[in-house]
Amino acid sequence: MVELDKDGFLQDPKKWTKEIAIYLAEQDNITLTEKHWEIILFIREYYDDFDSIPPVQKICARTGLRVIDLFDLFPRGPINGACRIAGLPSKARFD
Amino acid sequence: MSVITVDKIYPKFREEVAEKFCTDKNKFDIYNCLACGMCTAGCPFSDVHEDMDPRKFVRMVLLGLKEEVLNSKFIWNCTMCGRCTMLCPMGVDIAGMVRTIRGNFGLRSPGFLQDIVDNQIRTGNQMEVTQEDYLDTLEWIEEELQAELDDTNVRIPVDKVGADFLFLWDPREIKYYPMDVQSIGKIMHAAGANWTCSSEYWDATHYGLFSGDDEASRILLKRIADQVKKLKVKYVVVTECGHATRAQRWGRKVWLTPEEADYPVYSFLEIQADWIKNGIIKVDKTKNPEPVTYHDPCNSARKEGIIEEPRYCLNQVVLDFREMWPNREYNYCCGGGGGLLAMGKEIKVGRMAKGKLKADQITKTGAKIVVTPCHNCFDQLTDIIKEYNLDVKVQHVHHLVSNALVLK
Chain A
1 MVELDKDGFL QDPKKWTKEI AIYLAEQDNI TLTEKHWEII LFIREYYDDF
51 DSIPPVQKIC ARTGLRVIDL FDLFPRGPIN GACRIAGLPS KARFD
Chain B
1 MSVITVDKIY PKFREEVAEK FCTDKNKFDI YNCLACGMCT AGCPFSDVHE
51 DMDPRKFVRM VLLGLKEEVL NSKFIWNCTM CGRCTMLCPM GVDIAGMVRT
101 IRGNFGLRSP GFLQDIVDNQ IRTGNQMEVT QEDYLDTLEW IEEELQAELD
151 DTNVRIPVDK VGADFLFLWD PREIKYYPMD VQSIGKIMHA AGANWTCSSE
201 YWDATHYGLF SGDDEASRIL LKRIADQVKK LKVKYVVVTE CGHATRAQRW
251 GRKVWLTPEE ADYPVYSFLE IQADWIKNGI IKVDKTKNPE PVTYHDPCNS
301 ARKEGIIEEP RYCLNQVVLD FREMWPNREY NYCCGGGGGL LAMGKEIKVG
351 RMAKGKLKAD QITKTGAKIV VTPCHNCFDQ LTDIIKEYNL DVKVQHVHHL
401 VSNALVLK
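Chains as they are written, first to last, in the numbering used here: chain A, 1 to 95; chain B, 1 to 408.
Accuracy of the hints is not assured; some may be wrong.
[As the list claims (entries may be wrong)] The list that follows gives simulated cross-link-like pairs (lysine to aspartate or glutamate, EDC-like), each with its CA atoms no further than 20 Å apart:
1) K348(B) <-> D379(B)
2) K58(A) <-> E132(B)
3) K58(A) <-> E346(B)
4) K386(B) <-> D5(A)
5) K6(A) <-> E139(B)
6) K393(B) <-> D5(A)
[As the list claims (entries may be wrong)] Partner residues are not named here, just some residues of chain B that face chain A (Cβ under 7 Å, in silico):
7) R14
8) C33
9) Q131
10) D133
11) W140
12) A404
[To be verified] Chain A is nowhere near these chain B residues, computed Cβ spacing over 12 Å in every case:
13) E128
14) Q182
15) T257
16) P258
17) K277
18) E323
19) Y388
Simulated from the structure, these hints should not be mistaken for lab results. We put the CB at the ideal spot given by N, CA and C, even for glycine.
Throw the hints in and build the complete structure from the sequences for me.
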């Protein structure tokens, strides 16, 4: 269905679709809820604007979540969890 | 067998390396090599994958095989963990030679190691966190802490002139792991610490230590020295981060003048051990019942000698502490040192091969938590757990200490 790199990130982030996000989330045993989508879309929007992953503080401020809630939603954390599902390239891990 | 022809030899190479060598010992000690091979015997990875033989590397440098050395894979495969250096009977600093060659002969590192150094020089921190985002994060976590502890007096002080110490963060904590900030802030509060953060230069990390760029290293360290003077603090405390502890502590001796470097630097590990030992914070080890093992980061243990303090902390805050073997200064590098985590996909293959040793060490302890006070080790251990399907999670020492805190 989609080409992933060795770390499970999209080979070509431009090919991201909502269906792909659902597929990537299933790999982490996550069923995407409205709150998940809010975070995913915010991360994508921020990445488009600033070419960088938003700080967790920004994600929480935007969504009204606490850090602990964020980790409940994405148990693998903001980078390997949320950013991966949001279709960001794995290079973004270290930006 | 390969033949070395005379035209390939450039005898002055060893002098070039020695002259550029950044060390607090004698620059010319590298000439002492007896070719005994203790370094290769001591290297955990010499028989794990190709191009991983420190003895060959040292001999090539001393013989003057300049082109081969500069094009060798070894200088980027090496994690500069210093096990060879510790075991050398002649005091040859092999890890230091790797650093010198990486940074002084016009080479560009694989992956994005150099970008990280450039980012830090340009923006003040390696993850390009803006000052606004940084201060917002501290303020936000201060509010979280006040809610957690039900106490509106809890503070994360910024630019408090005359505090006892300046605390330096890893930008990962600020950007991606704000609960680390909360965990550390909670311990500071419990101890009643008179501490401060800087609003200006607060990043403890230092990738110049890996890239070998001494010019960048001096700029980065001078910024911290200037904060110490500006905020009139007595000493600096570095967050749980191996290479940052090494750079902030050893780096003062090599990149700053004695007048500029006139301040002590401690790891947060030493501070936590001291606070527990002197009853400044109270802990209850039954809060952490799971079996725990400890991975010594090379930079804090082998190079900076911070070995017993984390063990003291763990023995006070967990019920079941188990050593992996070998341990302490003999511990194997996790495979993520030397900036390898920032060197991209090509290097990752070898990095994961190296990690197999660590995976086996951890598995043999039967521990469910592997603790390490280092962010590079933390990421490498996370990759190892995924690669080798280990049923273990990674934590820092402060996570377990803050979880065991008994607050009045």
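A quick look at each hint next to the structure:
no., hint, verdict
1, K348(B) <-> D379(B), "holds (12 Å)"
2, K58(A) <-> E132(B), "holds (11 Å)"
3, K58(A) <-> E346(B), "violated (33 Å)"
4, K386(B) <-> D5(A), "holds (15 Å)"
5, K6(A) <-> E139(B), "violated (37 Å)"
6, K393(B) <-> D5(A), "violated (24 Å)"
7, R14, "violated (35 Å)"
8, C33, "violated (36 Å)"
9, Q131, "violated (12 Å)"
10, D133, "holds (5 Å)"
11, W140, "holds (5 Å)"
12, A404, "violated (19 Å)"
13, E128, "violated (7 Å)"
14, Q182, "violated (7 Å)"
15, T257, "holds (33 Å)"
16, P258, "holds (35 Å)"
17, K277, "holds (31 Å)"
18, E323, "holds (28 Å)"
19, Y388, "holds (14 Å)"
Consistency with the previously given hints fails for numbers 3, 5, 6, 7, 8, 9, 12, 13, 14, ordered from lowest to highest.
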